[in-house]
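> This is what each chain is made of:
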Amino acid sequence: MADPRFYSVAPPRSLRDLAAIAGATISDEAAADELVRDVAPLQDAGPEDISFFDGKKAYRDAFLESRAGACVVAPGDSADSPAGMILLAVADPHLGYARIAQAFYPSLDDPPTAQVEAVDPSAVLGAGVEVAPGAVIGPGAEIGAGSRIGANAVIGPGVCIGEGGFIGPLASVRYCLAGDRVRIAAGARIGEDGFGFALGAEGHVKVPQLGRVIIGNGVEIGANTTIDRGAGPDTVIGDGVIIDNLVQIAHNVRVGRNSIIVAQVGISGSTTIGDNVVIGGQAGIAGHLVLGDGVRIAAQSGVMTDIPAGATFGGSPALPQRDWFRQVAMLRRLTKKNLDDR
Amino acid sequence: MADPRFYSVAPPRSLRDLAAIAGATISDEAAADELVRDVAPLQDAGPEDISFFDGKKAYRDAFLESRAGACVVAPGDSADSPAGMILLAVADPHLGYARIAQAFYPSLDDPPTAQVEAVDPSAVLGAGVEVAPGAVIGPGAEIGAGSRIGANAVIGPGVCIGEGGFIGPLASVRYCLAGDRVRIAAGARIGEDGFGFALGAEGHVKVPQLGRVIIGNGVEIGANTTIDRGAGPDTVIGDGVIIDNLVQIAHNVRVGRNSIIVAQVGISGSTTIGDNVVIGGQAGIAGHLVLGDGVRIAAQSGVMTDIPAGATFGGSPALPQRDWFRQVAMLRRLTKKNLDDR
Amino acid sequence: MADPRFYSVAPPRSLRDLAAIAGATISDEAAADELVRDVAPLQDAGPEDISFFDGKKAYRDAFLESRAGACVVAPGDSADSPAGMILLAVADPHLGYARIAQAFYPSLDDPPTAQVEAVDPSAVLGAGVEVAPGAVIGPGAEIGAGSRIGANAVIGPGVCIGEGGFIGPLASVRYCLAGDRVRIAAGARIGEDGFGFALGAEGHVKVPQLGRVIIGNGVEIGANTTIDRGAGPDTVIGDGVIIDNLVQIAHNVRVGRNSIIVAQVGISGSTTIGDNVVIGGQAGIAGHLVLGDGVRIAAQSGVMTDIPAGATFGGSPALPQRDWFRQVAMLRRLTKKNLDDR
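Residue numbers (the working numbering), protein chains in the order written: chain A, 1 to 342; chain B, 343 to 684; chain C, 685 to 1026.
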């Protein structure tokens, strides 16, 4: 279930309704009047939730083990599915799911209540919290003891920030639960919409982004860095992680403890970064990858594959460091030779 | 003519004055007392406007077809010019134009009127518009029905935003006309100055940026993305375009309908992107290029050439996808061979 | 000494205390009761300051010429040191220094006084200064005549901005001394914490960032660009420098006069850029390098080495332009040949 501090779900709907919304066929007509209460990712869904499976190998296990009561799938994926799961088959399951999720969450940008005062009266501020001029704190937000909120910063409805934190001037923190001693520099954007779209007949269809950003203890986040909230799972930043300026972290990314991410790095959606990883400046990491503990990535690399724990990669597309060094050296020799031949 | 909602032009000036300001020679001394009312790009200029032509081949047709009454040119470009156009010849036409444009627009940053209240009384808010705490809306701005303005966001003087839009917290929208259902995430910067400078004897001379940002219907713009306003022409984002976080779009860029631009992409000035184009993360596109409809650009590519419709390019400098794949594969083989030789 | 307009130093401490804090051994026990008043970089430190030397060759001269009364060093660097300098030897001098600097500056984010009003009464505004709605100006800040502060911008405590400047909406300027005619676009972040950490037994230990950002006359800084303040030395942007959008400039970087830095460039810590340098979009410059006057760097380059004055470099890793062009051309030929061989 999407966190009710951030999202208000619409009333339950029948599978018949949802199939109509998604343009899908129900696998078991007898179940058409059963009610669905919410959308949820495969691994979190329960018997009253509907999820989706796009057929990608990486998610087949999660599909087969899912406890979702219903699931949007492609027609070809109907054969092998968990017992008792009702299937809604449609050519583009991601698009079908987008339409269903929009029905459950029709007005994502509405805060739970309209906010009139800069610091909403329902916000809870711990002992010694300092709020600089112009800062806006939304309904139901909780700021732990000793934390300071910078000038003109914006803390969204329901956000929780632990003790001893510092939110820089003009930063925004929305849809987020943060631990203690978190430092977020000026202009960082925590919890904006992930980049989630399905391709519909008349253009792009937005997939409601229903997750949060979970930030561990002692995390530092640089100026103007952007960390999108999860699409349904959460985006997770582990304890002690240090993130430099102008970094982009997409929805559903998980970063392990004490990892270091240098300026202008981009990490695409649903990628998992291990503990104690170091990613050099301007490197890009593709989506749905796994980088093991202690991995090191050279600056400006383009990572397109999983990387085992402890490995160092460089280049674009990125290779193991020795191969990358060899490639660079060989290119220089060839260029030289080519010149000598003239 | 620069949009009077955003720019106030100074009184008309004689060609004699303008030639003196630019350090230029008038092609027809008899015309020296004629008055010029404004600066304008070649394609928009009329008989009372002055434009400039820097000699670049890409703009020669626009020069030859221009209806501008006067034009700053290099001495060598005086021979072949439209009949009746008065020429102001100077060694660096861009610099000469910069000085003239500064004379017509001496105080670019002044809003039309000084603003005292956060929501200026002259702003027009449609039915159901919600303005969160701390948001600033400038004189003469118009916000369409049902649009919501986030906390501490800034809407500049004269800006028009259509119906059902959402401007995120701490975003700024200036010198911009936006359609319906536009979503702009937190911290995006719409309508800042383009990067326009001419090289003068005593350092860089700023070229006044007199265009706007035109945003179509249903456009989504990510967190901390920057879209500069046009230099004279406009910067144009077509209907249904989706732009991710931390993207840079320079002045005069045109992006066609339903194109998708992934995080940290940079598009240089005056480049035209077709419809349904997809540009992968961290790619860079040089200036003054044309990418046709349906083009796809791999992540981290560096595009230095025009690309025909439907083509897929990758690498830096970017090549057609097959050549790029071949190059990557060949490099790996050579590196391997090189190693085996040892 | 850190600038008292921005930083409040704790009372003096004995070398014995500091050695305990750093886990270090004092070279001269007889000096253990001597008081140290502050931390300082090697080149600025005086007899009452403590500095550190991490053994890097690039800083050995600064170490040998330093007038610091005490210095944290690695045990192996104790032999060759300036006469009279007390050494605190510890395995990781950077970490030891971080702990000592934290002791002298325990609460970095505290402004000198708590600010209640948006424009603090102790701020000094010159003639004709305009402050737009929502802007916050901290205690002791000074804004020169004719400068304008945009809506919801934040000027930190003690900041000085010269005459005729323009600070865009939602920009933040902290720990900064800026000259005349400075233009800072919306959302730029001037003076945030540099990325300075030492590796401790229980995670990263923050190195207090005690420098400033010094901005010359006539500088332009683009939207959402980030310029970190120095770690102890300052970050310095020379007269007439033009910086585009989304650029990252790390702590201690020095940029010479009239240089141009295009969008999305990243410059790592302690690198020095000469006068009249041009750096193309998305290029990355590693740390601790020197780029001479008039250097030109192609877009998307990755600079890993010093570059002599007047040279043009391109590629990643960056090479002299001719070598880079040759490499690109050779790769294309080889790919072609490779294809013909099939």
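Any given hint might turn out to be false.
Simulated crosslink set (EDC-like; lysine to aspartate or glutamate; CA at most 16 Å straight-line) [stated by the list, open to error]:
1) A:K56 to A:E29
2) A:K336 to C:D1007
3) C:K1020 to B:D665
Sample of chain C residues with no beta-carbon within 10 Å of chain A, all distances over it, derived [stated by the list, open to error]:
4) V820
5) E847
6) L1015
In short, the hints are calculated from the structure, not lab data. Predicted model, so just to flag it, every value in this text is computed and none were measured. We put the beta carbon where it would ideally sit given N, CA and C, even for glycine.
> Name the hints, by number, that the structure is in violation of.
1, 4, 6
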